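Asks: The chain contents come next:
Protein chains: 2
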Amino acid sequence: MQNFTFHNPTRIVFGEQQIAGLAALIPDGARVLLTYGGGSIKKNGVYDQVVAALDGKVWFEFAGIEPNPSFDTLLQARDLLKSEQLDFILAVGGGSVIDGSKFIAAAACYQGDAWDLLCGKAKVNAAIPLGCVLTLPATGSESNGNSVVTRYSTQEKMAFSSPLVYPQFAILDPTTTFSLPPRQVANGVVDAFVHVMEQYLTYPANAPVQDRFAEGLLQTLIEQGPQALERPEDYAVRANVMWAATMALNGLIGVGVPQDWATHMIGHEITALHGLDHAQTLAIVLPALMQQQRRQKRDKLLQYGKRVWQLVHQDEERLIDEAISHTRAFFEQMGVPTRLADYGIDASAIDTMVERLVQHKMVKLGEHGDITPEVSRVILQSAL
Amino acid sequence: MQNFTFHNPTRIVFGEQQIAGLAALIPDGARVLLTYGGGSIKKNGVYDQVVAALDGKVWFEFAGIEPNPSFDTLLQARDLLKSEQLDFILAVGGGSVIDGSKFIAAAACYQGDAWDLLCGKAKVNAAIPLGCVLTLPATGSESNGNSVVTRYSTQEKMAFSSPLVYPQFAILDPTTTFSLPPRQVANGVVDAFVHVMEQYLTYPANAPVQDRFAEGLLQTLIEQGPQALERPEDYAVRANVMWAATMALNGLIGVGVPQDWATHMIGHEITALHGLDHAQTLAIVLPALMQQQRRQKRDKLLQYGKRVWQLVHQDEERLIDEAISHTRAFFEQMGVPTRLADYGIDASAIDTMVERLVQHKMVKLGEHGDITPEVSRVILQSAL
Numbered sequence: 091m092q093n094f095t096f097h098n099p100t101r102i103v104f105g106e107q108q109i110a111g112l113a114a115l116i117p118d119g120a121r122v123l124l125t126y127g128g129g130s131i132k133k134n135g136v137y138d139q140v141v142a143a144l145d146g147k148v149w150f151e152f153a154g155i156e157p158n159p160s161f162d163t164l165l166q167a168r169d170l171l172k173s174e175q176l177d178f179i180l181a182v183g184g185g186s187v188i189d190g191s192k193f194i195a196a197a198a199c200y201q202g203d204a205w206d207l208l209c210g211k212a213k214v215n216a217a218i219p220l221g222c223v224l225t226l227p228a229t230g231s232e233s234n235g236n237s238v239v240t241r242y243s244t245q246e247k248m249a250f251s252s253p254l255v256y257p258q259f260a261i262l263d264p265t266t267t268f269s270l271p272p273r274q275v276a277n278g279v280v281d282a283f284v285h286v287m288e289q290y291l292t293y294p295a296n297a298p299v300q301d302r303f304a305e306g307l308l309q310t311l312i313e314q315g316p317q318a319l320e321r322p323e324d325y326a327v328r329a330n331v332m333w334a335a336t337m338a339l340n341g342l343i344g345v346g347v348p349q350d351w352a353t354h355m356i357g358h359e360i361t362a363l364h365g366l367d368h369a370q371t372l373a374i375v376l377p378a379l380m381q382q383q384r385r386q387k388r389d390k391l392l393q394y395g396k397r398v399w400q401l402v403h404q405d406e407e408r409l410i411d412e413a414i415s416h417t418r419a420f421f422e423q424m425g426v427p428t429r430l431a432d433y434g435i436d437a438s439a440i441d442t443m444v445e446r447l448v449q450h451k452m453v454k455l456g457e458h459g460d461i462t463p464e465v466s467r468v469i470l471q472s473a474l
Numbered sequence: 091m092q093n094f095t096f097h098n099p100t101r102i103v104f105g106e107q108q109i110a111g112l113a114a115l116i117p118d119g120a121r122v123l124l125t126y127g128g129g130s131i132k133k134n135g136v137y138d139q140v141v142a143a144l145d146g147k148v149w150f151e152f153a154g155i156e157p158n159p160s161f162d163t164l165l166q167a168r169d170l171l172k173s174e175q176l177d178f179i180l181a182v183g184g185g186s187v188i189d190g191s192k193f194i195a196a197a198a199c200y201q202g203d204a205w206d207l208l209c210g211k212a213k214v215n216a217a218i219p220l221g222c223v224l225t226l227p228a229t230g231s232e233s234n235g236n237s238v239v240t241r242y243s244t245q246e247k248m249a250f251s252s253p254l255v256y257p258q259f260a261i262l263d264p265t266t267t268f269s270l271p272p273r274q275v276a277n278g279v280v281d282a283f284v285h286v287m288e289q290y291l292t293y294p295a296n297a298p299v300q301d302r303f304a305e306g307l308l309q310t311l312i313e314q315g316p317q318a319l320e321r322p323e324d325y326a327v328r329a330n331v332m333w334a335a336t337m338a339l340n341g342l343i344g345v346g347v348p349q350d351w352a353t354h355m356i357g358h359e360i361t362a363l364h365g366l367d368h369a370q371t372l373a374i375v376l377p378a379l380m381q382q383q384r385r386q387k388r389d390k391l392l393q394y395g396k397r398v399w400q401l402v403h404q405d406e407e408r409l410i411d412e413a414i415s416h417t418r419a420f421f422e423q424m425g426v427p428t429r430l431a432d433y434g435i436d437a438s439a440i441d442t443m444v445e446r447l448v449q450h451k452m453v454k455l456g457e458h459g460d461i462t463p464e465v466s467r468v469i470l471q472s473a474l
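Sequences listed follow chains A and B, in order.
Residues in the first sequence are numbered from 91 upward in steps of one, following my numbering.
Residues in the second sequence are numbered from 91 upward in steps of one, following my numbering.
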């Protein structure tokens, strides 16, 4: 096990009817900016629950944070926050709303061009405190310090991380997910699954607790994900998917072990250039990457096949083949196609994706830093 | 899954040579009380590392906190803390030193008789902040809000819990455990194992993440525990035991699920009356309790036998028998005997133990509250 520091200060408040207790979680006297997305929370009743729970608080709202939240939109929210002298952000929605709100929180405390925080030119030194009500289990953003923001004018999707933007609290009420469209449910399960894989499928580091926690999350997502599509109002299933997605990226399973994240970095370029959902890009890239990196990931691929999929072949190459094909089949079963062609993207698009990886300095990806632009090209070609 | 709140604010700093960074974790200007136990940290070099890391800080020390820390001893430490106007506690040691330091922290802020905090007469409303350097993986005290204290004058072992006594940080350097006596290594592994079982072996609550995390910890302890005895200076093994013990009782695996804790409550009376090590009492009580409660715990006993011990019998009763006997054998393999007689305790001692359970209101134990004093008596009799 490698040395590590782990500190996750987010208070998780999990279960039915927990939104009603929202006011007690927000600091007394706070001036609140309520942020949300395209308005689904107005249709499913979550907005009304939140507004009722905010009774007596001073609050303003900013609606319209997009999936893959837009840099320019978020700057408008920042301007509102500053002009109204607001000092707490309440993000209500999925990973995009929470990621976007983290960026608002950091940008509000930064004097220069806010893009600096995303392109790596400046670090976050301060942020407005925030809390969240999660309505889409997927990204883990509700209890981590990560944020991904897209600048549409330049087709760039960039990330930042800071301990200063961990939500102070996260309310996770599984009933808020009952009305999600199947595509978002599926995307969330695939996203959480790939988060686990990025922290697990590397090389053995003699970290059995982390390995078994990761395998437990993968098995849970494989078992519960399809049920969430079949029985949208099954509380227990929704609760298990929600908790698994939070645990998948709250930092815990990644402590002291090597990590990959190449699938995400390659996927971000696909989204930025072609507008695919984040999880769609992961479902495309991961199986291709597993195949391409099967030599480097051999030991963990065997462990994954045996423990997660209960594969028992004597022939280890065949076992790895099946581990990869089961992974692909799981994404397809969730309704997320796993080929670029399924989204109308052909070989002519790959050059630009690889150029963008170079431009964003994503030239030594993977746990060994051996996923060069040329390897990324091979991965993308095999994902056609 | 049941509704829950989870908030663990402890910063974990894990790995070799992390003690050197101690000063940065303690608030600037703090006046520190360094607490420790019987002096093993002076023999193994940990004391010197801590003293070197405290260079430039104002600090006092209080030595001599016992295993099963004594109420009267801790009050002396509280008096030193108050007379020297100290405002931060640094606990260096195992669960007893950390538990004791939590009590010092709370007692220093309480005006009445400090026993009130243990007997349930008063709640903790304030506490001196504390941090810790863990040298004995076992209790999980390094990242939870629990404390157990013994008043020897009345042979009473009592517990309190408060979010105010979570350590702010916990330094976990596996090399500090290399020199532990085998008995303490074994006790630590058994203690951590039973912590997991108390949160796992109840009834199914449709919480597959929690179940699989618990099973992963049990498997890790079964696999790594004996290796820690065989190869005391194997860093990887020590690291895995240390991390598993922390995860076993930091609150995570117990969220949203029923819990038992009867084994601990019955065990506490054995320690209070007969001076056995805490883990010895758990190794005695748990197998007897599993047998006595096999009907109520049937589904989880089957799951435990299959997933943790890979048992495959068609006959479910036999599978449960073997799950229990494997558990007992594991404790014995670790060198911890599992019968009262092994410690020179006979049937004549049971009446007093049961009386004490009644006196301490431990009359409806277990996840169903059905472990009455008479059931506890049967458990103790079958553990002779």
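Some clues are possibly wrong.
Copies of one chain are not kept apart here, so a pair can be met inside one copy or by any two copies together.
Straight-line distance between alpha carbons at most 20 Å, and here's what the computed SDA-like set of lysine to any residue pairs gives [to be verified]: (1) Lys396 with Glu313; (2) Lys396 with Glu305; (3) Lys454 with Arg467; (4) Lys132 with Gln274; (5) Lys132 with Pro99.
Quick caveat, the hints were computed from the structure, so don't treat them as lab data.
Small disclaimer: the values here were computed from a predicted structure and weren't measured.
Asks: Evaluate each hint against the coordinates.
Replies: Comparing the hints with the structure gives:
Both within a single protomer and between protomers do Lys396 and Glu313 lie at most 20 Å apart by alpha-carbon distance, with minima of 16 Å and 18 Å respectively. In this homomeric assembly, Lys396 and Glu305 come within 20 Å of each other (Cα to Cα) both inside a single copy, at 10 Å, and across copies, at 17 Å. Proximity of Lys454 and Arg467 under a CA criterion of 20 Å is satisfied intra-copy only: 13 Å inside one chain copy versus 64 Å between copies. For the identical chains of this complex, Lys132 and Gln274 are intra-copy neighbours only, at 17 Å inside a copy versus 58 Å across copies, given an alpha-carbon limit of 20 Å.
Taking identical chains as interchangeable, the C-alpha atoms of Lys132 and Pro99 are never at most 20 Å apart, the minima being 30 Å within one chain and 34 Å between chains.
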